[in-house]
Amino acid sequence: MPSTLFEKIWNAHLIAEGSGGGLLLLDRILLHERTGGVALQSLRQAGHRIANPAHVFATMDHVVDTRPGRRSNAPDAPPNVFIDVTRREARAAGIHLFDVDDDRQGIVHVIGPELGIVLPGLTLVCPDSHTGTQGALGALAWGIGSTEAEHALATQTLRVPRPKTLRVTIDGALQRGVTAKDLALHLIATRGSAGGRGFVAEFAGPGVCGLDLEARMTLCNMATEFSVFAALIAPDERTYSYLRGRSFAPAGPFFERGLTDWRQLRSDPDARFDLEIRLDASEVRPMVTWGTNPQDALPIDSAVPDFPAVAGRLSLPAYRRTLEYMGLEPGRRIEGLPIDGAFIGACTNSRLSDLRRAAAILQGRKVAPGVRAICVPGSTRVKRMAEDEGLASVFERAGFEWRESGCSLCFFAGGESFAPGQRIVSSTNRNFEGRQGPQTRTHLASPETVAASAIAGYIADPRQACD
Amino acid sequence: MPQPFTDLTACAAVLLRDNVDTDAIIPSREIRAVAKTGLAAGLFANWRYLPGEGRTPDPMFILNDPAFRESQILITGENFGCGSSREQAVWALAEYGFRVLIAPSFSPIFYRNCLRNGLLPARLDKEAIGGLAEWVREDPKRHQPLVSLATQRIQTSARSWPFEIAADAREALIEGLSEIEQTLRLREQIAVFQVADRVKRPWAYHISPPASAEGVAIESTLRRPGIDGK
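Chains A and B supply the protein sequences, listed in that same order.
For the first sequence, the residue numbers in this note's numbering are 1 to 467.
For the second sequence, the residue numbers in this note's numbering are 1 to 230.
Source of the hints: derived by calculation from the structure; they are not laboratory data.
Backbone N, C-alpha and C fix where the C-beta goes; we use that ideal spot for every residue, glycine too.
Fair warning: there could be bad hints in the mix.
[What the hints assert, rightly or not] If you want a taste of the chain B side facing chain A, the calculated C-beta under 7 Å gives, among others:
(1) N79
(2) E138
(3) E181
[To be verified] The calculated SDA-like cross-link candidates involving lysine to any residue, where the alpha carbons are at most 25 Å apart (straight line), are:
(4) A/K366 - A/P68
(5) B/K36 - A/R88
(6) A/K164 - B/Q144
(7) B/K126 - A/R197
(8) B/K36 - B/I180
(9) B/K200 - A/R266
(10) B/K200 - A/P2
(11) A/K164 - B/G77
(12) B/K200 - A/R88
(13) A/K8 - A/E396
(14) B/K126 - A/L316
(15) B/K36 - A/P2
(16) B/K141 - B/T9
(17) A/K8 - B/F193
(18) A/K8 - A/T169
Okay, chain A solo, but in the shape it has when bound (with noise of 0.2 Å):
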């Protein structure tokens, strides 16, 4: 019987199946200080041993500090007990560990791949909700709970609802200056960000094929606000180049034997989906969000929807609660509104490709008067490339600051925020109320928009920057 690239990793790795689906077995268990050193404390205080330690690694991302220069490990460093508890437990369970200043810390989402720890058809889970990025190289990877990730350390396995299937067929070419992230936000403003619930979902086409493999992570990490259960990628010869050598990859012998089965590893021609969604990349312009939620996206040069234009989404006060929010009106310009911040990084767009294509806008220019701009690399490894490539000092002087790697200012942890009421573009993920910092305004958009409007000094067509 044909099957879809899910089913054929799914039956690889189906150990029992019962009433609420499967329990899996897992290949790879990823975790960072936020939510995993909570599992690891509470998996030992229960007495339970970690199945395989040899297949766990945890990073140090969330709360270390990006500040240049930073001392979080330094014996005068402030305290910082998510970081200490997993630094503890990690050592004392025997399990890959990169601390804040190892050679190989960076973001879980950057790391994974960079690392060469995802795989094709490898299971691999991730207390955080953007794991499904990692499915671009083809893995099933999909985001858990803390005590669901101490179920898969103690046993490494998980039972898993079977979700139903969904190919997203992308026809068409990108036009220049518009990305991958762009093309999501495409996706989610167009069916909802409701709209994959209870699928996973499988990027195809000439328009997916097309995409670099950093441009697919940052597809398949938008496909989180899309909330489907993960999403995946078929792998090609670009993924396995990609692969090629890293630091976990399989080597020699082991490597030619994964890229065999590898190659079998896509979705038969008549393989049957129980959703399929078709769309066009050529049609794609840049986009932003206007609201407090990814599927308030729109073209750049759109206005500000009026309630009758969204009533099937935003219930009337929900709207009316929006725009307040936001600052904004009904038919305001998205494409001129005023920035006071801009920022590039998190794992969906801070890798070596991102900062490469935001220094060739930054290339000569300066960021303006009273914006503050900040680049926070995905990884340690990235940071070090962009310096020996000069993107770095493009960034500098342009008037970026330049971090060290973490996820940052994505997300406010109680640390460093944009002020209240500042209104910010941004390269991540999610625009909820807060989520920059109290009262922050979050307009998401693509590293090229971030960095045509950090010039700009207001929300700026990359395309006409590109020129």
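Once you have looked at the hints, place chain B on chain A.
What follows is chain B alone, placed relative to chain A:
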């Protein structure tokens, strides 16, 4: 170990907003310790307290209304618990005293987190939720819904609605089972599966360098990401 769930008649709070995300349920800055407790005070902090230092209750927020303060049931909107996977959102709700959440839909990770902590996420359609909310608001102290997991119904004095929940989730809630213990009973079956899998997919088990070899392997052959094929 989650508490077994039995039928519950209790005061219900009405928070009819869609897309209440986990950062609204428990703001990240309220998560100060590596623990599953100590979170109740931070529940809905952005809405429950007025801006500024100290915790001045916002009289407009429902849980600050004496009639709703003791609520164990929360009636809410679409896509409840979306956003970050943080389980602290569920721990905070449970610690505050909530045992049942009623919404048209829940975010998937949040939903599973509820089940693993003895919190019942009951799915009810929007119309029924509207009717239930109206009845509760008439007299919150006396109009307490009955939530029966055994019959899978939510009842008021006049009406009753069936709610949706997966069969195994229902069972787990009723019995308060620890899932780890359940799965560890299958230890042998898992081990047998893994032995066969290791033969089938040797590459999935070939992880180098090994764990605990901190900082030894800085690879030299790393290709630059982003330039493959382009």
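Going down the list of hints, with the structure as the test:
Taking 7 Å as the C-beta contact cut-off toward chain A, the hint placing B/N79 at the interface holds, the least distance being around 6 Å. A distance limit of 7 Å between C-beta atoms decides the matter here; for B/E138 the minimum to chain A is near 20 Å, and the interface restraint is violated. Interface restraint check: B/E181 against chain A, minimum CB-CB distance 9 Å, threshold 7 Å, status violated. Distance hint between A/K366 and A/P68 is fulfilled; the C-alpha atoms sit about 20 Å from each other, no more than 25 Å.
Between B/K36 and A/R88, the direct Cα distance comes to roughly 18 Å. Compliance with the 25 Å bound is thereby established for this hinted pair. A C-alpha spacing of about 37 Å is found between A/K164 and B/Q144, which places the hinted pair above 25 Å, so the restraint is violated. Pair hint B/K126 plus A/R197 holds up; C-alpha atoms about 17 Å apart against a cutoff of 25 Å. Under the criterion of a C-alpha separation no larger than 25 Å, the hint pairing B/K36 with B/I180 is consistent with the structure, at around 17 Å.
Proposed proximity of B/K200 and A/R266 is supported: the alpha carbons are some 18 Å apart, at most 25 Å. Restraint check: the Cα-Cα separation between B/K200 and A/P2 comes to about 21 Å, which is no more than 25 Å; the hinted pair holds. Between A/K164 and B/G77 the alpha-carbon distance is near 24 Å, which keeps this suggested pair within the 25 Å criterion. A distance of roughly 35 Å separates the Cα atoms of B/K200 and A/R88; the hinted pair therefore is violated under the 25 Å criterion.
Restraint check for A/K8 and A/E396: the C-alpha separation of about 47 Å exceeds 25 Å, so the hint is violated. A hinted pair counts as satisfied when its Cα atoms are at most 25 Å apart, and B/K126 with A/L316 qualifies at roughly 16 Å. With a CA separation close to 45 Å, the supplied pair B/K36 and A/P2 exceeds the 25 Å bound. The suggested pairing of B/K141 with B/T9 holds, with an alpha-carbon distance near 11 Å, which does not exceed 25 Å.
Restraint check for A/K8 and B/F193: the C-alpha separation of about 16 Å stays at or below 25 Å, so the hint holds. Only pairs whose Cα atoms come within 25 Å are accepted, and A/K8 paired with A/T169 is accepted, the gap being roughly 19 Å.
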